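S.K.: Okay, here's what each chain looks like letter by letter:
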Amino acid sequence: MLRSRLSKVACAAQRAFSTSPKALAAKQMTVRDGLNSALDDELARDDRVFLLGEEVAQYDGAYKVSRGLWKKYGDKRIIDTPITEMGFAGIAVGAAMAGLRPICEFMTFNFSMQAIDHVINSAAKTFYMSAGAVNVPIVFRGPNGASAGVAAQHSQCFAAWYAHCPGLKVVSPYDTEDARGLLKAAIRDPDPVVVLENELMYGVAFPVDETVTDVDFLVPLGKAKIMRPGKDITIVAHSKAVETALLSAAELAKKGIEAEVINLRSIRPLDMQTIFTSVRKTHHLITVENGWPQHGVGAEICARFMEDPAFFELDAPVWRCCGVDVPMPYAKTLELHALPREPDVTAAALKVLGKK
Amino acid sequence: MYRNVLTVLSAQLQQHVNRALKRFVSCTAAQLPRPLAPGHEEASVVRQEPYVEEVRLVRIFLEFKLYKLELGPDTLVALTAQEAALYMKQLLAIRRLEAASAQLYKERLVRGFCHLSTGQEACAVGLCSALRKEDNLVAGYRIHGLAYLMGATAKGVLSELTGKASGCAQGKGGSMHMYAPNFYGGNGIVGAQVSLGAGIALANKYRGTGGVCFALYGDGAANQGQIFECFNMAKLWKLPIVFVCENNNYGMGTSAWRSSSNTDYYTRGDFLPGIWVDGQDVLAVRSATRFAVQYAQQRGPLVMELCTYRYAGHSMSDPGTSYRTREEVNQVRQRQDPINRFRKVCLDMSLLTEKQLRIIDQSVREEMEQAIQTARHDEELPLSHLANDVYSGNCAELKLRGVHGHNLEHAHSKATSIHN
Numbered sequence: 001m002l003r004s005r006l007s008k009v010a011c012a013a014q015r016a017f018s019t020s021p022k023a024l025a026a027k028q029m030t031v032r033d034g035l036n037s038a039l040d041d042e043l044a045r046d047d048r049v050f051l052l053g054e055e056v057a058q059y060d061g062a063y064k065v066s067r068g069l070w071k072k073y074g075d076k077r078i079i080d081t082p083i084t085e086m087g088f089a090g091i092a093v094g095a096a097m098a099g100l101r102p103i104c105e106f107m108t109f110n111f112s113m114q115a116i117d118h119v120i121n122s123a124a125k126t127f128y129m130s131a132g133a134v135n136v137p138i139v140f141r142g143p144n145g146a147s148a149g150v151a152a153q154h155s156q157c158f159a160a161w162y163a164h165c166p167g168l169k170v171v172s173p174y175d176t177e178d179a180r181g182l183l184k185a186a187i188r189d190p191d192p193v194v195v196l197e198n199e200l201m202y203g204v205a206f207p208v209d210e211t212v213t214d215v216d217f218l219v220p221l222g223k224a225k226i227m228r229p230g231k232d233i234t235i236v237a238h239s240k241a242v243e244t245a246l247l248s249a250a251e252l253a254k255k256g257i258e259a260e261v262i263n264l265r266s267i268r269p270l271d272m273q274t275i276f277t278s279v280r281k282t283h284h285l286i287t288v289e290n291g292w293p294q295h296g297v298g299a300e301i302c303a304r305f306m307e308d309p310a311f312f313e314l315d316a317p318v319w320r321c322c323g324v325d326v327p328m329p330y331a332k333t334l335e336l337h338a339l340p341r342e343p344d345v346t347a348a349a350l351k352v353l354g355k356k
Numbered sequence: 001m002y003r004n005v006l007t008v009l010s011a012q013l014q015q016h017v018n019r020a021l022k023r024f025v026s027c028t029a030a031q032l033p034r035p036l037a038p039g040h041e042e043a044s045v046v047r048q049e050p051y052v053e054e055v056r057l058v059r060i061f062l063e064f065k066l067y068k069l070e071l072g073p074d075t076l077v078a079l080t081a082q083e084a085a086l087y088m089k090q091l092l093a094i095r096r097l098e099a100a101s102a103q104l105y106k107e108r109l110v111r112g113f114c115h116l117s118t119g120q121e122a123c124a125v126g127l128c129s130a131l132r133k134e135d136n137l138v139a140g141y142r143i144h145g146l147a148y149l150m151g152a153t154a155k156g157v158l159s160e161l162t163g164k165a166s167g168c169a170q171g172k173g174g175s176m177h178m179y180a181p182n183f184y185g186g187n188g189i190v191g192a193q194v195s196l197g198a199g200i201a202l203a204n205k206y207r208g209t210g211g212v213c214f215a216l217y218g219d220g221a222a223n224q225g226q227i228f229e230c231f232n233m234a235k236l237w238k239l240p241i242v243f244v245c246e247n248n249n250y251g252m253g254t255s256a257w258r259s260s261s262n263t264d265y266y267t268r269g270d271f272l273p274g275i276w277v278d279g280q281d282v283l284a285v286r287s288a289t290r291f292a293v294q295y296a297q298q299r300g301p302l303v304m305e306l307c308t309y310r311y312a313g314h315s316m317s318d319p320g321t322s323y324r325t326r327e328e329v330n331q332v333r334q335r336q337d338p339i340n341r342f343r344k345v346c347l348d349m350s351l352l353t354e355k356q357l358r359i360i361d362q363s364v365r366e367e368m369e370q371a372i373q374t375a376r377h378d379e380e381l382p383l384s385h386l387a388n389d390v391y392s393g394n395c396a397e398l399k400l401r402g403v404h405g406h407n408l409e410h411a412h413s414k415a416t417s418i419h420n
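Here the protein sequences line up with chains E and G, keeping their order.
Here the UniProt record's numbering is used: position 242 in the first sequence is 242, and no number is missing along the way.
Here the UniProt record's numbering is used: position 110 in the second sequence is 110, and no number is missing along the way.
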């Protein structure tokens, strides 16, 4: 029920404020189907692509993202692994070094900690250590961050951790267009890419036009998207927090404040040019993320402003809205207040603008 | 009584025949002794040089131990004069390469980690001699000899140690990160290379190359969880991989019997068959590897334990005497040195003469000298290359972040790919 309400809000927000061309003359596609079709396209296009992970084959995917793929492509291309993240992540990296293009699914990114040595030391650093002799064209994907009621060990956001490391590219899709385009671009990328999906977004449908369903539709890595243009304040977010930002923008609009909402899409590299350009227009900035505050995505954006002439475009300090600095609680009310909600973002925006 | 006499006589005849067969088998394959050239001064002292195609049959000294295998590797192997010369050269080259590495380290031209494989040369030479062009190798960090045999030249190895641009990774990797065709490093994280090896084997199977991947690890790494994860997946998916434990009896300062509740590493694969090999015998290692290549291709993964010994410490920071006695090290040097043992086989079997050995030694010496000079005097990569090869393509950032700002140019100075 919550999801269908969010779905409606998202669609309303999308339709009213999206800059996607032909947004009104579009069909609905869930994020899950966007990912599924991306996998299908790329498996069909390149023989070297294969998917491995827990339950990806015969179960159709723990979250049904890989539904139908095993039936279509068989055991060779869609591989069910035992519950041995460190082993199968290493196997995936080795296969990439040897010339294949594996997609390694972590059932959630929390379990990637079991295998993080392979993501960083085996995948990210190898091209550099080998002076360009061995590249690692691998995709690590799976749901990231908070879900609903899954408690502390299953709710961590890994955007900051992975985006910290050179050698990796890190993307964080929000809607269907993002998910489909970024995953396709990630699979075609010659370097290791971490794709941080979000479980709560899988079932949300967005309007997509025919260019998105094209087999060669790609969303470039390292480029943010302006979801909603505005002139008074810039709100930067990624993944699920984009929805919170859009809801807040709708609220601010009622008060006559036009917020420009930027969907980062990529965390590494970070598209600071789009943010700088926006701030040159609005002179105010807040960031929204569901991850923890310390050394987070918002912290990085603030730091970059310190080091760029765009700093002088700011009329007020930058505020970050982050997940509360606690392990995720289980109880519903506590969990709700452990993440930034629309009122929090709206309050931050008003504070930064100096308005009541 | 009549029958007894017959029995005794036939038994004696049988013994004669057996002895004759043994002599035949252990000496030569249908080669009659050649007459010496007239006026040949050294005729009585030095054996004549054998033809390169001359072959001898050699019996492997220490039997293989088999685990869950009915039949094991050949215990009677053929060795040609050409092979003898080649293996001798490679053994001596690795010995000298490691000596050069140690020397350069003492001169402080090599920094950080430097793990020598002195004493373990037969493992590298025997293993690599049995690899086909479609097979691959991945190993840990004691890899100078392996990298050399797989195609990184002596110059490539030594310059990489001294961090020069002529290093096999242009000085970006160092001692533990050397790559060569079909050799995927050079990996610093203990045990990680085994998972990578299973992935390479998966790629071989996926692409139908018929290649087998050899994933090397030590006795210290043998207890790593991910290795057991890979045993499971390799067996489940019938990956063409051979797990090779180079058991030199010490994981850094911890002996195998202090780290492992089961030191029979060739049995640790549980449901995977295993072979114990005398790692100080080049021909034993080669025979086992040949067997393993066939087995892995046809029947699936197996484990090979090469029982070996390192004379040096764990690394150049470790004298190697606090956890073992000097007597032990000396004993192995005297009785089980791989080079001495192979030299003896070659001389005893008349596959190499003393003179030929001297020539081989000399050529190895020269090769290493040249490489040492380059490693000493070559240039490092210029600073402008600091940010190269972080990404291989499709990087949205024109400049990478330096100390102060986004001001580092970065390019892709792609070295020759190691894929065949």
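Read the hints as simulated data drawn from the structure, not as lab findings.
Fair warning: there could be bad hints in the mix.
Straight-line Cα separation of at most 27 Å, DSS-like style, residue types lysine-lysine; simulated pairs [as the list claims (entries may be wrong)]: (1) G/K238 to G/K355; (2) E/K281 to G/K399; (3) G/K355 to G/K344; (4) E/K76 to G/K133; (5) E/K71 to G/K235.
Covered stretches of chain E, going by a simulated chain G footprint (3 or more residues, C-beta under 8 Å) [stated by the list, open to error]: (6) 53-63; (7) 72-82; (8) 95-101; (9) 204-213; (10) 230-239.
Just so we're clear, the structure is a prediction, and the values are computed from it rather than from any experiment.
All C-beta atoms, glycine included, are put in the ideal place defined by N, C-alpha and C.
S.K.: Which hint numbers doesn't this structure obey?
M.R.: Those not satisfied are hints 1, 6, 9 and 10.
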